[in-house]
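Model the placement of chain B on the given structure of chain A, informed by the hints.
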Amino acid sequence: MGPVRSLRRTSPLTLLVGAVLCIVIIVFLFSPSSEDAAAARAKHAKAASNPLSPPTSAFRKSNDKNGVRVPPPVIHYHMNNVTTTSDPVANRETILILTPLARFYQQYWDNLMKLSYPHELITLAFIIPKNKEGNAATAALQEQITKTQKSGPEKLRFGSIIIERQDFDPPLASQSEAERHKMENQKARRAAMSRARNSLLFTTLGPSTSWVLWLDADVIETPPTLIQDLAAHDKPIIVPNCFQRYTDPKTKQMAERPYDFNSWQDSDTAKKLGEKLGPDEILLEGYAEMATYRTLMAYLSSDQGDPKQEINLDGVGGTALLVKAEVHRDGAMFPPFPFYHLIETEGFAKMAKRLGWSAFGLPNYKVYHYNE
Amino acid sequence: MLPRHNATAYSNGYPRNKGDTYSISPHRFQPRTTPPALRRRRALIIRLGLVLVCASLFGFFIWPGASLVPVLSLGLLSSNVGSELETVRYYDLSTVGGTARGWEREERILLCAPLRDAESHLRMFFAHLRNFTYPHHLIDLAFLVSDSKDRTLPLLSELLEELQADTDPKQPYGEISIIEKDFGQKVNQDVESRHGFAAQASRRKLMAQARNWLLSAALRPYHSWVYWRDVDVETAPFTILEDLMRHNKDVIVPNVWRPLPDWLGGEQPYDLNSWQESETALALADTLDEDAVIVEGYAEYATWRPHLAYLRDPYGDPDMEMDIDGVGGVSILAKAKVFRSGVHFPAFSFEKHAETEGFGKMAKRMQFSVVGLPHYTIWHLYEPSVDDIRHMEEMEQERIAHEKEETERQERMKKIKDQFADPNGQWEKDKTDIQNEAMKEKAKEEAAAKAKAADEAKAIADKSAGEAENKAPEKAAEKPAEKPADKPAENPAEKSAEKAIERAPEQKPVEQAPAKAAHTGF
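One line per chain: the protein sequences are A and B, in this order.
When we follow my numbering, the leftmost residue of the first sequence carries the number 1, and every step to the right adds one.
When we follow my numbering, the leftmost residue of the second sequence carries the number 1, and every step to the right adds one.
With the rest of the complex left out, here is chain A (with noise of 0.2 Å):
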């Protein structure tokens, strides 16, 4: 049939189906074709105009190659807004996940990328040291990164990463597990590691944060909703239990066992002993030579216990840890130094205390740490 013909012979009714087909074209071409575009403009609106912005937020690279200087805009920021609620994803509460990173575990960021809650909410802040192990260890997780950030789903993609190297040495030449556990070795380790956890806090905290997840970089296996079931206890300091999986050497089975100690709740016989020791001096947790009898919630989790079971906790481990920003924000931070006996994250309860805030426990919900 020639072209003449067929338009002769065209009807009014062929005419409309052709102009609505043509509407809908146009509709399908203009709508946000899909959820990853508009993500991916909206995160763009989000930005930040440069790269002193506050680093939880990704910023827009500057297009102004001809060296001109423009000067940075006066931003307000309303921290009156910024929320902390039990329910973080229909508040969306943005989450800063900080990790001290030594050793960089692929289950770990696996682990990371499982994790339920937007990851467009999530910023992601690592300190490294400056050596070796670290240089390796940065390679690898940049690696990943890139995989994530730059050709990874924009669904999955973080809503900004922060690698910090530590600008000072850490105390230790090796950091193997039996070398890292000895006592003597644990004040000058756990200062270190409290001066690495507060650089990486307070440099990445910003004005916008509502939730800091310290979360080690050890830590392989969590349930996928770990931040909002932790969220929706809507304490202001929570711990969840930490253990460990292993081949049980005689069943030759998994099974898994305590591994966190520093959660605790304070026993009159470690006050006692604190009282005797010299200022300088700290109590440890789960060693035979200082015997503390304080309740361990290590040991308080039953098989089919309750998992939002919450208990109170004078003292807490780091492993896996939910704090609300204003926590820290008020001062409440790792002691480097034997704060009343204590250090690092058990004096980070301490000092909440001392702040009025107060530390939670849920012995039955647990997260799982590597096995060497």
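In short, the hints are calculated from the structure, not lab data.
Among these hints, one or two may not hold up.
To be verified - Calculated Cβ distances over 12 Å to all of chain B for the following chain A residues:
#1 Pro54
#2 Ala90
#3 Asp110
#4 Asn185
#5 Tyr246
#6 Asp248
#7 Gln253
#8 Phe261
#9 Ala288
#10 Ile311
As the list claims (entries may be wrong) - Here are the computed distance ranges between Cβ atoms for each label pair:
#11 Asp291(B) x Glu275(A): 15 to 25 Å
#12 Lys170(B) x Asn91(A): 16 to 26 Å
#13 Lys308(A) x Val53(B): 56 to 66 Å
#14 Thr83(A) x Asn131(B): 34 to 44 Å
#15 Asp92(B) x Lys150(A): 43 to 53 Å
#16 Asn91(A) x Asp313(B): 30 to 40 Å
#17 Ser151(A) x Trp103(B): 37 to 47 Å
#18 Glu275(A) x Asp92(B): 37 to 47 Å
#19 Thr225(A) x Glu300(B): 52 to 62 Å
Small disclaimer: the values here were computed from a predicted structure and weren't measured.
Don't be surprised by glycine CBs; every beta carbon is placed ideally from N, CA and C.
Relative to chain A, chain B alone:
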């Protein structure tokens, strides 16, 4: 049906020779009139165009922000959005340790200023900002505005916008953050309640909280230094940042004094929070309970600490350093690594101290160097206390009263002059009259004396020779002539007249009392 216009097909049964220019086939159908096809097509194109325009208009109504680029490029260019965006940041903290000559190494400073009801000081503060000699683009400004009831916030943003838009490329600063956060503070900011002893502990804790919120929100991994500055500093050297930085200490503070009105001594140490620890204070700290806060400058806690402020010598070496344990918050320059390590302004009682003093203590606890410069002074604004204001009011009233008295006195003098004319003239006249009288008397006496003398002379001349004759009468004549002109006789009169005038004001109030009452009645 066969296509009739197909030029390449076998319309006439013969294959067409392509290279042949003269290939007009005699069999080709040529319609006599042009068919309406083109016309119809034109109509269709117009119609399609109209539909397209309508559709795009419709589209713009629905997605006003949508750009045409992804549509035209079929989404191939849309990946640009992602690549323009940088989500990963890498910082090496070992490059931001802070050195003595930071301006040469382009070290960034974070300038923090907590504000509350500070509208009146802002313009002065911005004058200071404009004068800093440290490269402005290396300084990031962070303000925390909390619980302000005046126009602090709008004025601040206005002044900052103005500063950033300055045409002088050396004026605009680096990143500028205004953080708005209300802590619901009930504490008053006026001088009296601010410095009252009872309110100190809780006030200092709230101040500490504000400082910590500001710092934690504004500190970035690229900062080498943090400078805390109160907005009510009146005078400070423009080079203060470099001057303090040159010492290359972890925490350093200048001496803070304030100018005073002359009647209060001209100047006074202001910031008493910079001090060295003393045994007395440590002993005192041990006796206090866990939540107590020792505050300096109050009689309640006698600490006998050496204060930086009292050690000032106006002619001393401004570079002289002194180790201190507590620091004042008016102007603190600290390396950012101090804050990164976790030192902050304790909003609880840390070793019996809070806020900036606790900050100094905590920095010391972490083995950072904390020094003060006793002879390097900046001047805090003088805000008169309630007592001062009262005193000043009294002084002002006294001055006014004195002035009034002065003018009244002058008026009275004038009145007296008017009423009693000028007694001097009268006296002069009287004087001359008296003198004249006296002269006449004298002349008479003289004449009499002369006559007498002449008689005597005649008698003597009769007896002796003429030498002594001439002298004696002259002497006798001179003496009596001078006497009436002598003052002593008139002086008592004049004096008593003066006295009368002086006494007059004392008597006046009685007359004036009703007049005054009338005045106050108005």
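Which numbered hints fail: Going through the list in order, the structure violates hints 1, 12, 15, 16 and respects the others.
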